[in-house]
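Protein chains: 2
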Amino acid sequence: MKSAPDWITHPDTPYLLIDEAKLKSNIGYLKQRVESLGSHVRPHLKTLRTLEAAEYLLDSKNAPATVSTLAEAEAYAKAGYTDLLYAVGVAPEKLKRVAALRLQGINLHILIDNMVQAQAVSDFADQFGQDFSVFIEIDSDDHRGGIKPGDPQLLTIAKKVGAHFTGLMTHAGGSYACNTEQGLKNFAKQECDAVRVAQDNLQAAGISCAITSVGSTPTAHFGEDFSDISEVRAGVYTTFDLVMKNIGVCGFSDIAMSVVTTVIGHNKEKNWLLTDSGWMALSRDRGTAGQSQDFGYGQVCRADGSLLEGLCVNSTSQEHGVIELTEAYQPEDFPVGHQLRILPNHACATAAMHPVYHVLMSDGSHNTWQRIIGW
Amino acid sequence: MKSAPDWITHPDTPYLLIDEAKLKSNIGYLKQRVESLGSHVRPHLKTLRTLEAAEYLLDSKNAPATVSTLAEAEAYAKAGYTDLLYAVGVAPEKLKRVAALRLQGINLHILIDNMVQAQAVSDFADQFGQDFSVFIEIDSDDHRGGIKPGDPQLLTIAKKVGAHFTGLMTHAGGSYACNTEQGLKNFAKQECDAVRVAQDNLQAAGISCAITSVGSTPTAHFGEDFSDISEVRAGVYTTFDLVMKNIGVCGFSDIAMSVVTTVIGHNKEKNWLLTDSGWMALSRDRGTAGQSQDFGYGQVCRADGSLLEGLCVNSTSQEHGVIELTEAYQPEDFPVGHQLRILPNHACATAAMHPVYHVLMSDGSHNTWQRIIGW
Chain A
1 MKSAPDWITH PDTPYLLIDE AKLKSNIGYL KQRVESLGSH VRPHLKTLRT
51 LEAAEYLLDS KNAPATVSTL AEAEAYAKAG YTDLLYAVGV APEKLKRVAA
101 LRLQGINLHI LIDNMVQAQA VSDFADQFGQ DFSVFIEIDS DDHRGGIKPG
151 DPQLLTIAKK VGAHFTGLMT HAGGSYACNT EQGLKNFAKQ ECDAVRVAQD
201 NLQAAGISCA ITSVGSTPTA HFGEDFSDIS EVRAGVYTTF DLVMKNIGVC
251 GFSDIAMSVV TTVIGHNKEK NWLLTDSGWM ALSRDRGTAG QSQDFGYGQV
301 CRADGSLLEG LCVNSTSQEH GVIELTEAYQ PEDFPVGHQL RILPNHACAT
351 AAMHPVYHVL MSDGSHNTWQ RIIGW
Chain B
1 MKSAPDWITH PDTPYLLIDE AKLKSNIGYL KQRVESLGSH VRPHLKTLRT
51 LEAAEYLLDS KNAPATVSTL AEAEAYAKAG YTDLLYAVGV APEKLKRVAA
101 LRLQGINLHI LIDNMVQAQA VSDFADQFGQ DFSVFIEIDS DDHRGGIKPG
151 DPQLLTIAKK VGAHFTGLMT HAGGSYACNT EQGLKNFAKQ ECDAVRVAQD
201 NLQAAGISCA ITSVGSTPTA HFGEDFSDIS EVRAGVYTTF DLVMKNIGVC
251 GFSDIAMSVV TTVIGHNKEK NWLLTDSGWM ALSRDRGTAG QSQDFGYGQV
301 CRADGSLLEG LCVNSTSQEH GVIELTEAYQ PEDFPVGHQL RILPNHACAT
351 AAMHPVYHVL MSDGSHNTWQ RIIGW
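Just so you know, the protein sequences line up as chains A and B, in that order.
Under the working numbering, the first residue of the first sequence is numbered 1, with each subsequent residue one higher.
Under the working numbering, the first residue of the second sequence is numbered 1, with each subsequent residue one higher.
Since the hints were made in silico from the structure, they are not lab data.
Where hints are given, some of them may not hold.
Stated by the list, open to error - Covered, in the sense of this in silico footprint (three residues per stretch, anywhere, with C-beta under 8 Å from a C-beta of chain A), are these stretches of chain B:
1. 54 to 61
2. 92 to 104
3. 309 to 320
As the list claims (entries may be wrong) - List of simulated lysine-lysine pairs, BS3-like, C-alpha gap at most 30 Å:
4. 24/B with 159/A
5. 270/B with 160/A
6. 24/B with 61/B
7. 270/A with 189/B
8. 185/B with 270/A
Unchecked claim - Okay, the calculated bits of chain B under chain A, using three or more residues with CB under 8 Å as the criterion:
9. 10 to 17
10. 278 to 291
The beta carbon of each residue, even a glycine, is placed where N, CA and C say it ideally should be.
With the hints as extra help, turn the sequences into a complete structure.
Here is the structure:
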């Protein structure tokens, strides 16, 4: 491992650090993988929510992207991006913001899975002469929303939105609970099969479906055949995290995000380090709690990013972290003022706590990226 | 319960709603309580981190306040507040920002509990002729940092900081794990006794301690005698939350914070509501998980704030919430587009997810407050 450049120690801790070289590698790997399997990536921008990261994820301003909020859609649209899928079921009240972006020439696609939404889209379209682009959510693994591929409601909804219907989308969130290669392959096939069946059912009713969209980070990395699928979505693969490491999608060394922290004290009776990174900096996400290895609030690394095996942030309060040292370490190894890096359980949640990210560029130089905030 | 004014349904969901009348009542109650017991409140501003809330919490610009980051200290100083305790052990690297505020005439107090910090303060003071105001953290309940009241290190540290020494501070974070009246009274006494003993030990060594500072929301509400204690700190009492409800410090109706959300779908097979409030809006905090009543990711209320008994947000993803209906409710009771309010497990964590708060003023009108962000 290369030693970290001097500037790493200068921003006041806690701060979020992105490793550009790893980010580029993660993005490049999935793009190549999915394209070699016959499809394209529609990256989910929700993990980092920055314009700068979008430049790595998207080859052009017209490349397809996914967002989780209208605030992101508005910010990316303002920066010139034109093909955005808002991948959360739309609340009818939000159609006016959707329409405002479409009137600016942004192909903002919305997601629905019920007749109230379909009726609202149809009514708004009729009332204002507004065109929409609607995806219908297909439930491929029974974990959240969407309609089953064989549910007759699918046809009713598609007919209701009529010419505004664009495609089918599914997300096997259940794949996050899986950690075997075969299991992940199965989840990927299940996503693809669900939209294939739904597409066939529409076709049989004379409704053509222009786009089929599947994906999650695990299924995008384990799917074996995307040749008849238009696009594959994934988000957290941009930086990866400990949850993805436990699932088996990445290794420690692929994780491109960490929180830099400073030791501010010790509890020598208990062999604890106290740091200035609490849940405000790390997030409250305990996503590894139910997995094969529980990393507490994050895996501890040296300032250069190398792992300190067996050390986690064991507990947090708002601005304090507690690291319980194992027998392999002494408090004296980590004096007050010493800096450490913490790998996150869940990159999306940790990034959400930071309005600014510090970026270690491949050449060792320093950038800062601003997060797009709010809804 | 008064019905909510119309504007409540207008901001796009999810959004954070503060009830001004409850906020004022919570703040007024603790102020009167602590003053009647012979002390004063030094409110912790970390829960809401807004200039507007500080006006409710502090009687004047010179009133004592507590902050959890230097970013808060800088923002409150800029707004004219002059007496700020930064209640997280200071990293030596941060002394330059502390000094910059003190040079502007802000009495920013810092916290230390070890000789590395004391030496850093002393060295900085000597090198730049800078005065500091230092609190030493006393460990009253063995839960995090601080030094024991009888530890000879206390005298060594106090001597090292010399004329910069101001006071003793303790925080019985362990009180959050307690939920009996007598237990909370004991924790409050334990905090006070710890600083009393430490103050006596300093006095015996000829070191005078100008300020003794104790407190947490539970102990501030259950302490029986603060007559010889300079000040009592508390933060989350400003809005309260479900964790505090479980501890027994407040009732549901005292909780002044909620997240307003919209139903975006149903899973009728499972009797689920899907909403647009995931962990981005509610936070990942599961503080009630280990308590007497587990509220999942929050207690569900009607749009007017009245409780929907037995309904919680049972699971979340980034921008989705799942509410599993009990037998008392039908999905049809909550059509797509219907709005609900969610009471938070932990107000500090939920507020941290929102750059803007919407405020229901006592007269029914609408304000917005901006959160101070970053470190």
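List of violated hint numbers, smallest to largest: Hints 1, 4 contradicted; others consistent.
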